[in-house]
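**Q** Each chain, written out:
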Amino acid sequence: MKKTILILASIAFFTTGLFAGNARDIYKKYAGKDNVDAVFISSAMFRLINALPEVKSAGEDLDFTPLMKSLTGMYILDSHNGSATGDLKRDIESYVGSNSFELLMEANGGGEKVRMYTSGSDKIIDVFILYVTENNSSECTFIALEGKMKREDIEKVVAKSIE
Amino acid sequence: MKRTEDIENLSFEALERIASDETLNVPESLGRKLEDAIICEELTSGKQGRVSLRKAFYGCCAALATAAAAVSVAYFVESSQPTDTFDDPHRAYEEILRTFNYISSEMDLGKYY
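Quick mapping for you: the protein sequence lines, in order, are chains V and Z. Under my numbering, the residues of the first sequence are numbered 15 to 177, in order. Under my numbering, the residues of the second sequence are numbered 619 to 731, in order.
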C-alpha cells in the first residue's frame, strides 16, 4: 500500500512538472512546426549579450538596456499555420488564464488584437507576455520575456512608446 | 547404561578421561553420523547465505534502478532547455532590439489597465 502511494505520488509530481504550462512548454510544442517562426534566447546568451560594448552605450530614445540586463529568457513564436495557430491560441489563453497573470494592456485595431500580460509582484515582473492575433486570419504572435524586470523599467518603455 | 542426562552432566575432565580410554568400543557408524550432522549444518547455513545473496541482488537491482531513474531525470532536465536560435550574441542582440521595438510599437495604440 505504501509502495502504491509512493509510486502514485512520484507520478503526480513528475507529471505536474512535465505538463505545467509555461512559456518554455508552449515554445517547445510549436517550435519546428511548418510555418511557425521560433526564436529562443537563453539566459546564457543574455549574459553574453550584456557583455557586448554596444549594450552599455545604448543611448537611443528608448533605452532597453535596463530591461535587457534583467532578462533570463525570451521566447518568440510567430505562426502562419492555420491548424497550429488554433492550438497555439488555446494554449496561450490557457496559460495566461490559469496563472497569476494580469492584463497590462489591450488594443484592438488595424485588423489585429494585442494583449499584454504580466506576472509577478508590485515591483518585479517575472514574466511579460505579448499576444497578438490577426482578425480573420490564421496568424498569431506570442512573445514571452522571463526574468526579474523592474516594473518601473517596463513603465518607462510604455510611457516613451505612447509619447 | 547411562542416560542422556547423565552424559550431559559429566564434567569436561570426565569426558576427556572417557575419550582417552581406548578400551571403550566406538560404534563404526558414529563418524559417518557426525559427518552427516556437519554437512546438514553446512547446508543449513548455506541456505541462509543464498537468502542473503538474493537480498543483495535485489538491493543491487534497486540501486541500479534508482541510479538509472536519476540519470533519466537529469537527462530530461538538461534536454528540456530549448536550443538557442542564435550562436552569435550580436545577432541575438539585434533580434532583441527588433522585438523590443515591435513591443513598443504595439504598446503605442494600447488601452492600459
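Bear in mind the hints are in silico, worked out from the structure with no lab data behind them. All residues carry an ideal CB built from backbone N, CA and C; glycine is no exception. Some hints could be false.
Partial pick of chain Z residues on the chain V-facing surface, computed with a CB cut under 7 Å [said to hold, decoys possible]:
#, residue
1, LEU682
2, ALA686
3, PRO700
4, ASP702
5, THR703
6, PRO707
7, TYR711
8, ILE721
9, SER722
10, GLU724
**Q** For the hint on SER722/Z, just tell me whether its beta-carbon gets within less than 7 Å of chain V.
**A** 4 Å, holds
**Q** Hint check: is the beta carbon of PRO700/Z less than 7 Å from a beta carbon of chain V?
**A** 5 Å, holds
**Q** With a cut-off of 7 Å on the beta carbons, see whether GLU724/Z makes it to chain V.
**A** 5 Å, holds
**Q** For the hint on ALA686/Z, does the least C-beta distance to chain V fall short of 7 Å?
**A** ALA686/Z check fails; min Cβ-Cβ to chain V is 14 Å, beyond 7 Å.
**Q** Do the numbers back the hint for LEU682/Z, that is, is its least Cβ distance to chain V under 7 Å?
**A** Nearest chain V Cβ about 18 Å off; hint violated.
**Q** How about THR703/Z: closest beta carbon in chain V under 7 Å, or not?
**A** 5 Å, holds
**Q** With a cut-off of 7 Å, does the beta carbon of ASP702/Z approach a beta carbon of chain V closely enough for the hint to hold?
**A** Given a least distance of 5 Å, the restraint on ASP702/Z holds.
**Q** Should the interface hint for ILE721/Z be scored as holding, given a Cβ-Cβ cut-off of 7 Å against chain V?
**A** 5 Å, holds
**Q** Does TYR711/Z pass the interface check with chain V, least Cβ-Cβ distance below 7 Å?
**A** This interface hint holds because 5 Å falls under the 7 Å limit.
**Q** Would the stated hint for PRO707/Z survive a check requiring a Cβ distance to chain V of less than 7 Å?
**A** For PRO707/Z, the interface hint holds, since the closest Cβ of chain V sits about 4 Å away, which is under 7 Å.
Violation of the numbered hints given earlier is confined to hints 1 and 2; the remaining hints are satisfied by the structure.
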